[in-house]
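My request is simple: use the sequences and hints to build the entire structure.
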Amino acid sequence: MGEIDRWADIHPDILNEITKRFHSYDDHIPLPLVCKEWNLKLVSNEIPWLLLPEETFKASFDEEEEIYSLMHLPVTDEDILETKVLEEKGVYHAMLPGMEMLDILIRGSCYGWLITLTISEGMMQMLNPFTKMHFDLPPLSTFPNIVEYNPGDDEYTFWDFRDKISSLDRDGMHKIQVWKVVINSAPNNDNKDFMAVAIYGQLKRLAFYKPNNNRWSDFTRNIDFEDVMFFKEKIYAVDYDGQLYEFDTNTESGTMGGIYAAPPTGFTASTFQLKYLIGCDNGNILMLVRHFGTLRGTEKELETKKFDIYELRKGSKKWSRLHSLGNFIVLIGLNSSVQMLPTNFLGKGNQIYYTDDLIELKSTDIPSTRDIGIFDLKDTSFRRILRDVKFFCPPVWCYPNQHL
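Our numbering numbers the first residue of the sequence shown as 1 and each following residue consecutively.
Hints are computed from structural coordinates only; laboratory data are not their basis. In this text the structure is predicted, and so the values were computed from the model without any measurement. Ideal Cβ placement from N, Cα and C applies to all residues, glycine included. Where hints are given, some of them may not hold.
Stated by the list, open to error - Taking lysine to aspartate or glutamate and the EDC-like style, the derived pairs with C-alpha atoms no more than 20 Å apart in a straight line are:
(1) K175 x D193
(2) K175 x D136
(3) K210 x D248
(4) K306 x D379
What the hints assert, rightly or not - Using C-beta positions, here's what the derived DEER-type ranges look like:
(5) L322 x T298: 27 to 33 Å
(6) N213 x K164: 34 to 40 Å
(7) I223 x N16: 46 to 52 Å
(8) A262 x R221: 17 to 23 Å
(9) S381 x K300: 49 to 55 Å
Below is the structure:
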């Protein structure tokens, strides 16, 4: 017992030094299972990871292994990360089994689970990169806007952005059909009672899925949604105009709801914006508006220029402007955006961690700069990282202990 107790009482700093020697997340996962004390001391499940679908790692490993990279962003005043020093900055590698790397698109990240789809087949799946558990979701061909899909012809017939019937080739349809997917809880072998909501189609409508359903189903005819989240057992979504919608999933007649709050006073919608919703522990809702502008020295390339934050207090239907996050940080992107305290990974509060959601809209023929970084609300400064790394789909935050 004495030997076991000494291992259990190992100092957290020593334990973290041990983890720095690992370069495969497969080696890292068993550590918290050694004993309860190790599980409490290891911080890997308490901090956000940035999953990098980065092409250059492929050549460094066995050709049959598909590599995604999990990394901590620099949280002190380190140098800007470049491609060549990624391995020197504590990057862990996670192999996603049974997938062709360039055939996968990531369309969501919630509770440590990734929502992926295959370009070649249109299959959708929930995958946990930490445990490698996975669950199938209904394929893209089952969304309500699909009129017909003939695998033999590799062509879809669907309702387009004009609400008219059009056709598109298979791969093209698979790339643009789903914008983002969120779930309301983490599934496991014993509990598959979760719900998923997707923003889909050229009109950016909402569809939901419940286990044992074999199709995605509409629950609103409204369009132009930019973000959606589960919060306090309800679904909230924001559209292009900044209107907030609320939907109740527990009614006898199905998912019901509509406009919950008008856009903030003085808010002007623009095609050079993205909006993100965040549910806070105190019951308030945040809406982050991300503004884009032309990158200096280019004519068309966009980068993040500023953020505006609006708060909807619990029980209120009127937005107020928020100029500080206090001690909190927020993580935004194709993940379910979250607010959290940065204590466990030595950062500071009042910052926005963002990823490049527009990678797939950029030309593959012309070199482009990535739009990933940290925005400090106190001094309105940007720390831009991974500017020249080539990704085949947007990086996403992966946070196992997410609470919404």
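Note whether the CB distance of I223 and N16 lies within 46 to 52 Å or breaks it. holds, 48 Å
20 Å Cα cutoff - pair K306, D379: holds, 12 Å
Please work out if K175 and D193 have their alpha carbons no farther apart than 20 Å. It is violated: about 28 Å lies between the C-alpha atoms, which goes past 20 Å.
If you check the beta carbons of S381 and K300, does the distance land in 49 to 55 Å? The hinted range 49 to 55 Å is violated for S381 and K300, with Cβ atoms some 25 Å apart.
Against the 20 Å threshold, does the CA-CA distance of K175 and D136 hold or violate the hint? Answer holds: K175 to D136 is near 18 Å, not above 20 Å.
Whether the CB-CB distance between L322 and T298 falls inside 27 to 33 Å: holds, 31 Å
Distance restraint between K210 and D248, which requires alpha-carbon spacing of 20 Å or less: holds, 14 Å
Does the Cβ-Cβ separation between A262 and R221 fall within 17 to 23 Å? holds, 19 Å
Assessment of proposed distance window 34 to 40 Å (beta carbons of N213, K164): violated, 28 Å
Of the hints listed earlier, those the structure fails to meet are numbers 1, 6, 9, in rising order.
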